[in-house]
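Engineer: Protein chains in written order, with the working numbering: chain A, 2 to 301; chain B, 565 to 890.
Mixed in with the good hints there might be a few duds.
Claimed, not checked - Here are the simulated BS3-like cross-link-like pairs (lysine-lysine), alpha carbons at most 27 Å apart as the crow flies:
id, chain 1, residue 1, chain 2, residue 2
1, B, 689, B, 805
2, A, 27, B, 800
3, B, 805, B, 685
4, B, 805, A, 27
5, B, 689, B, 755
6, B, 800, B, 690
Everything labelled a hint here was simulated from the structure, so no lab data went into it. Only a predicted model underlies this, so the values are computations on that prediction, with no experimental measurement involved.
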Amino acid sequence: MANKKDKQTKKKAIGPWMIAWHRFRKNRVAVVGASLFIIIVLSVIFVPVISPYEISEFNLADKEKAPSAQHWLGTDEQGRDVLLRLFMGGRISILVGLMAASVSVVLGSMVGGIAGYYGGRVDDILMRIAEIIYSIPFTPTVISISAALMWRVSSESKMYFVMLLIGILSWPGLARLVRGQILSLREQEFMQATEILGISDRSKIVRHLLPNTLAFIIVSATLGMAGAILTEAGLSFLGLGVTPPTPTWGNMVERARNTNVFRNMQWLWIPPGVMIMLTVVSINLLGEGLRDAFDPKEIR
Amino acid sequence: MLKYILRRLLHLIPVLLIITIILFAMLEIMPGDPVNAYLGIGSNATVEQQQQIREMLGLDEPVHIRYMKWLGRTLTGDFGTSYKYRKPVADVIGTYIWNSFYLNVVAMIFAFLIAIPVGIKSAVKKYGLFDNFWTVFSLTGVSMPSFFFALILIFFIAIPSKWFPLNGMRTTIFLAKGYDSFGQEVLDVLKHMILPVTVVTIASLASLTRYVRNSVIEVINQDYIRTARSKGLAEKVVIYKHAFRNALLPIVTLLGMYIPGLFGGSILLETVFIWPGIGHVLFTSIGDRDYSMLMAANTFYALLMLIGNLLSDVSYALVDPRVRVK
């Protein structure tokens, strides 16, 4: 008997994460998005591994070849295999998006958490800083700043630089959201309990308040990643992001600014553009699915 | 209300100051000597001459003094002289703003004219075939890099069909010999506009249709709509008279927010289409080290952004009096 009762309580005790998961699984569009994203991530990881070509392999005899059985997506002016570069570029593009979103999430939730918890002057100052950064016109500033700093940085470190830049300029939206949530959470009973238990401010914010805003943070991180991938692509398209020889989808599409490549060698610039679109679509679907799954008001 | 607007305007001042300081500092660490940019490529000026120019441009002073001077001049409406165009920056910006504006205004009119009926119809038949089509459309729209879409459009439609000019704003022959009549000029510019306007319209449609749809859905769920239905009004009257009028408020708010943005051009699209707008000017002045131009263009964009935010807050306050009290 006791066993049966145990089972019943177990069945009832479905946490909010399980509810969200069940709802996410039922949302067919979101599952398609998530699967597509997983396929893209797996292929950028493994295609370069199983490719018979090397990323630094030049073969001038084989240059500017249209897609064929040996080179499925043809070769570029230096005879490099475009398929390999496409997936190597994907590694960088997705990594930049992921890291930029992480920087923005860490900054945004920290600032929002501190501002919301302490209130008063701290809140005023932090939110004013957020407002200033929010008001900076994103594209012109990012372009000017990268132009200013790019010449001092090697091709590889440009990648890290672009990540930081996008992350640092895009946290204020999340900070506002988290702050608003914390303002209302702060007044709830469980926070009085932490007060009585004498828990430190730091762990009150990090262990008790922020986890309650996690749903917002996850959704914002996913959608932010999609945005960061687009921003990186735009910057690299203008030649102000990650620059060759390090491939990214953005600087591969940039080749289309050369008239000859644009008109006669579509295999160089169409595939990376399509990959950007597929990746961003899949992340957006995933993000919207997560938002619906976490939203208690959404009933479908 | 006036007090609220005044207070918000006062808030803008420190924000704008800090943004200009950040931008000024950024240009400071930008490599390349503006004196060389001033002289142009292939000049054989001696070291003394270069020094003279440096003094003439005021570049020999420390950075904070130069910032204060820049600020002082800017406040009196003098944005300095563009090294590249050899004209006052204000004149250059004044010319190119309008090029961006024409493009944006036409696209915005199309976008609103399409988005409003589409949004209403999607909201009324939520999750229907029509709604699903536009959902996919707007998802693809927001996920497609605009520059890639522009390239695809040029490659697959404009080049094979030879119907429209691929880039620029005017035909080269007319640039050399001038237009015969004003009508001819308008027609020529309109022809060049077709491709960029299509791209900008579709890009704005992607988010606009969703926005209209969601605001109409929100209104349809209200109690007074149920009342209107239950008192037996025709569905058409319910939707267009009761629901749409109320949904119009957030849409008008959005329109107000768009207005400042009309004067700023998209850097990426103006670069792809070589459209001589303000975004294109900003991008080329980076390569040319045209500091006064860059500084002014960036400040201009910051101002547009701030005014846009202000307008949206003010219109919210107009709609919702509770906002003002805070």
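Engineer: Against each hint, give a clear statement of whether it holds in the structure.
Structural biologist: Hint check:
no.: 1; hint: B:689 to B:805; result: 17 Å, holds
no.: 2; hint: A:27 to B:800; result: 34 Å, violated
no.: 3; hint: B:805 to B:685; result: 14 Å, holds
no.: 4; hint: B:805 to A:27; result: 37 Å, violated
no.: 5; hint: B:689 to B:755; result: 37 Å, violated
no.: 6; hint: B:800 to B:690; result: 16 Å, holds
Comparing the model with each earlier hint shows violations of hints 2, 4, 5; every other hint is respected.
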